[in-house]
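> Let the hints inform the model, and build the full structure from the sequences given.
Each chain, written out:
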Amino acid sequence: MSGIQAPNVSCNLDKASRKPTRFPLVRLEALDNLWFQVSGTLCNIACEHCFISCSPTNHSFEFMTLEQVKGYLEESVRLGVKEYYFTGGEPFMNRQILDILELTLQYGPATVLTNGMLLRPRVVERLAEIEAQSIYSLEIRLSLDGYTEEMNDAIRGKGVFQKAMAGMKRLVEHGFLPIITVAKTWEDSEDEAVLEGFLNTLRAHGYQRPRIKILPSLRIGREAARSHGYEDYEYVSEEMMQGYDASNLICANSRIATSKGVYVCPILIEARDAWLGNTLSESAAVGYRLRHQACFTCYMFGSICSNFVSVGRNV
Amino acid sequence: MFKKIALFGGVYSNYLALEETIRDAHRRGAEALFCLGDLGAFGPHPDRVFPLLREYRIAVVQGNYDHSIGNGLDDCQCGYTDPRDNYFARISYRYTFAHTSEENRRWLKQLPTEIRLQLGPYRVLLCHGSPRKMNEFLWESTTSTHFLEKLCEDYQADVICATHTGIHWQRALSGKRHFVNVGAIGRPANDGRTEVWYTMLSLEDGDRLEATFVPVSYDYQRLAHEMRREGLPEEFVETILTGWWTTCLEVLPAKERRRGRF
Ligand code: SF4
Ligand code: SF4
Ligand SMILES: [Fe+2]
Chain A
2 MSGIQAPNVS
12 CNLDKASRKP
22 TRFPLVRLEA
32 LDNLWFQVSG
42 TLCNIACEHC
52 FISCSPTNHS
62 FEFMTLEQVK
72 GYLEESVRLG
82 VKEYYFTGGE
92 PFMNRQILDI
102 LELTLQYGPA
112 TVLTNGMLLR
122 PRVVERLAEI
132 EAQSIYSLEI
142 RLSLDGYTEE
152 MNDAIRGKGV
162 FQKAMAGMKR
172 LVEHGFLPII
182 TVAKTWEDSE
192 DEAVLEGFLN
202 TLRAHGYQRP
212 RIKILPSLRI
222 GREAARSHGY
232 EDYEYVSEEM
242 MQGYDASNLI
252 CANSRIATSK
262 GVYVCPILIE
272 ARDAWLGNTL
282 SESAAVGYRL
292 RHQACFTCYM
302 FGSICSNFVS
312 VGRNV
Chain B
-7 MFKKIALFGG
3 VYSNYLALEE
13 TIRDAHRRGA
23 EALFCLGDLG
33 AFGPHPDRVF
43 PLLREYRIAV
53 VQGNYDHSIG
63 NGLDDCQCGY
73 TDPRDNYFAR
83 ISYRYTFAHT
93 SEENRRWLKQ
103 LPTEIRLQLG
113 PYRVLLCHGS
123 PRKMNEFLWE
133 STTSTHFLEK
143 LCEDYQADVI
153 CATHTGIHWQ
163 RALSGKRHFV
173 NVGAIGRPAN
183 DGRTEVWYTM
193 LSLEDGDRLE
203 ATFVPVSYDY
213 QRLAHEMRRE
223 GLPEEFVETI
233 LTGWWTTCLE
243 VLPAKERRRG
253 RF
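If you read the sequences in order, they're chains A and B.
Using our numbering, you'd call the opening residue of the first sequence number 2 and step up by one each time.
Using our numbering, you'd call the opening residue of the second sequence number -7 and step up by one each time.
Among the hints, a few may not be true.
As the list claims (entries may be wrong) - For lysine to aspartate or glutamate, the following DMTMM-like pairs were computed, each having C-alpha atoms within a straight-line distance of at most 20 Å:
#: 1; chain 1: B; residue 1: K125; chain 2: B; residue 2: E196
#: 2; chain 1: B; residue 1: K125; chain 2: A; residue 2: D33
#: 3; chain 1: B; residue 1: K125; chain 2: A; residue 2: D246
#: 4; chain 1: B; residue 1: K142; chain 2: A; residue 2: E283
#: 5; chain 1: A; residue 1: K170; chain 2: A; residue 2: E150
#: 6; chain 1: B; residue 1: K125; chain 2: B; residue 2: E106
#: 7; chain 1: B; residue 1: K142; chain 2: A; residue 2: E150
#: 8; chain 1: B; residue 1: K125; chain 2: A; residue 2: E30
#: 9; chain 1: B; residue 1: K142; chain 2: A; residue 2: D33
#: 10; chain 1: A; residue 1: K261; chain 2: A; residue 2: E283
#: 11; chain 1: B; residue 1: K(-4); chain 2: B; residue 2: E196
FYI, nobody ran anything at the bench for these hints, they're computed from the structure.
Here the structure is a predicted model, which is why all the values come from computation and not from measurement.
And the structure:
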């Protein structure tokens, strides 16, 4: 249950040793979190740092239908899934998303990861109704990358900031407390100033009790080209797993359903070997070897996908 | 075998509320009292809680705080992720650790992590966070019903009682099974009231299980006064005086967060 702060692990990385020969196997302890790649790899924008290179034209994964989602929800009951998460691409591009969320909230709590640009008034009204009907929370995680138009749009594209802020404002007006999610693209020394900047901007846009979550950036997809990819030695080795609490890793408690079946985690859907079966049970039965460099980030930062807010009010 | 028992968690050194809870539960005919852990944190004079628990023979489950203090760990393992929450958590942890006697620390260390008992036909499991993890948060709005049913199956229980979150709630499950978060008596439930809450678990009309949440009034002005005298953060005192949480907010899910003021 650690947040995004790097755990105090001493990993004596021998930089000369390069890529390990055997990768550690992580088994699913319990399927607590079921993710849905509900809009596939389709997004209305194409951010510089998108870790799965989503865009308006990336059809490697398609929209999931209400029927597909329903099938997995039904199967999830027996497996005792605790929470449901929806991602993409941009979930609100999927025309069935509202029906999907309404159905899901009969099964359990739901979280949607969105860029906030498609939250038109009628959509937000309906979201508020859906959440009011349920005993469960509907969390909206809204991604931003800067607290000014220039800073944000440099990464997310022209005009994104204004639309996202309008979406956020609408959510707040309807009683939501969206979790503003920011992928870290600055140096540690700037942490405090950046946080202050976000808090001020959000308050100025009418969000008086802002919740903010900072995520480490994953150096895969387009982000690999933007910053720099991983160093050769940045893999998880079997030795590094000794004394490490593997339950911090998403693959120890989650799976992701897509239009093409079930994958190990939301981060690796573009890796062929990350496909684990057509059903949840199939995917739950097999473990996964941490052979990708993105696993190194997970290892260092813990459960980066949980809803726990990492940064809220100032001390 | 019991017919009526009182359950509470999260004492957080609030010995004044503990006294009132014990009195109230006895008055209502509880056959036994159980504490689900987290004796310290937040409040003043942690050592004042222990004599009460011993005098009234209250069985105690180990909470994450008790585990930390008992084993001399660096932090309370509350599972906070926010720097501000952690800042306050550290202050109360240091205070509590420094003011808990060695004997009481040893006692905390040997507490069981679960207690099982029989209430009429029901197999009841008492734990701190969840049966599988001492510091797991089970909030009403983020815990699916089938998840709870699976816990009942995995741990062979008809009724699971936990605490740790500090807000009480319950849900009836299939097959007459039940989950109860018994709440905390150490601080208010973020509901704008100064009372704290415990749970009465009883059999009604034969073998129907009933969990009733009971508010307890106590001398919270005195507690606030003692907290100030001990130099504990004003933010904590404010919660005691107003019933609204001012810290540990970032772990709250949307619905629970919205009900509070901050
Ligand atoms: S980061 Fe999110 S909003 Fe940006 S392109 Fe990728 S999926 Fe779309
Ligand atoms: S990227 Fe992270 S969650 Fe996915 S398999 Fe690797 S370690 Fe597990
Ligand atoms: Fe606890």
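> Indicate, hint by hint, whether the structure satisfies it.
Here's how the hints hold up against the structure:
Annotation: proposed proximity of B:K125 to B:E196 is violated, straight-line Cα distance about 31 Å (limit 20 Å). Only pairs whose Cα atoms come within 20 Å are accepted, and B:K125 paired with A:D33 is accepted, the gap being roughly 13 Å. In summary, the hint linking B:K125 to A:D246 is supported, as the alpha carbons are separated by about 13 Å, within the 20 Å threshold. Under the criterion of a C-alpha separation no larger than 20 Å, the hint pairing B:K142 with A:E283 is consistent with the structure, at around 19 Å.
At most 20 Å may separate the alpha-carbon atoms for a hinted pair to count; A:K170 and A:E150 meet this at roughly 16 Å. A threshold of 20 Å between alpha carbons decides the hint, and for B:K125 with B:E106 the separation of about 11 Å falls inside it, so the pair holds. A hinted pair counts as satisfied when its Cα atoms are at most 20 Å apart, and B:K142 with A:E150 does not qualify at roughly 47 Å. About 12 Å separates the Cα atoms of B:K125 and A:E30, which keeps this hinted pair within 20 Å; it holds.
Proposed proximity of B:K142 and A:D33 is supported: the alpha carbons are some 11 Å apart, at most 20 Å. Between A:K261 and A:E283 the alpha-carbon distance is near 14 Å, which keeps this suggested pair within the 20 Å criterion. Only pairs whose Cα atoms come within 20 Å are accepted, and B:K(-4) paired with B:E196 is accepted, the gap being roughly 9 Å.
Consistency with the previously given hints fails for numbers 1, 7, ordered from lowest to highest.
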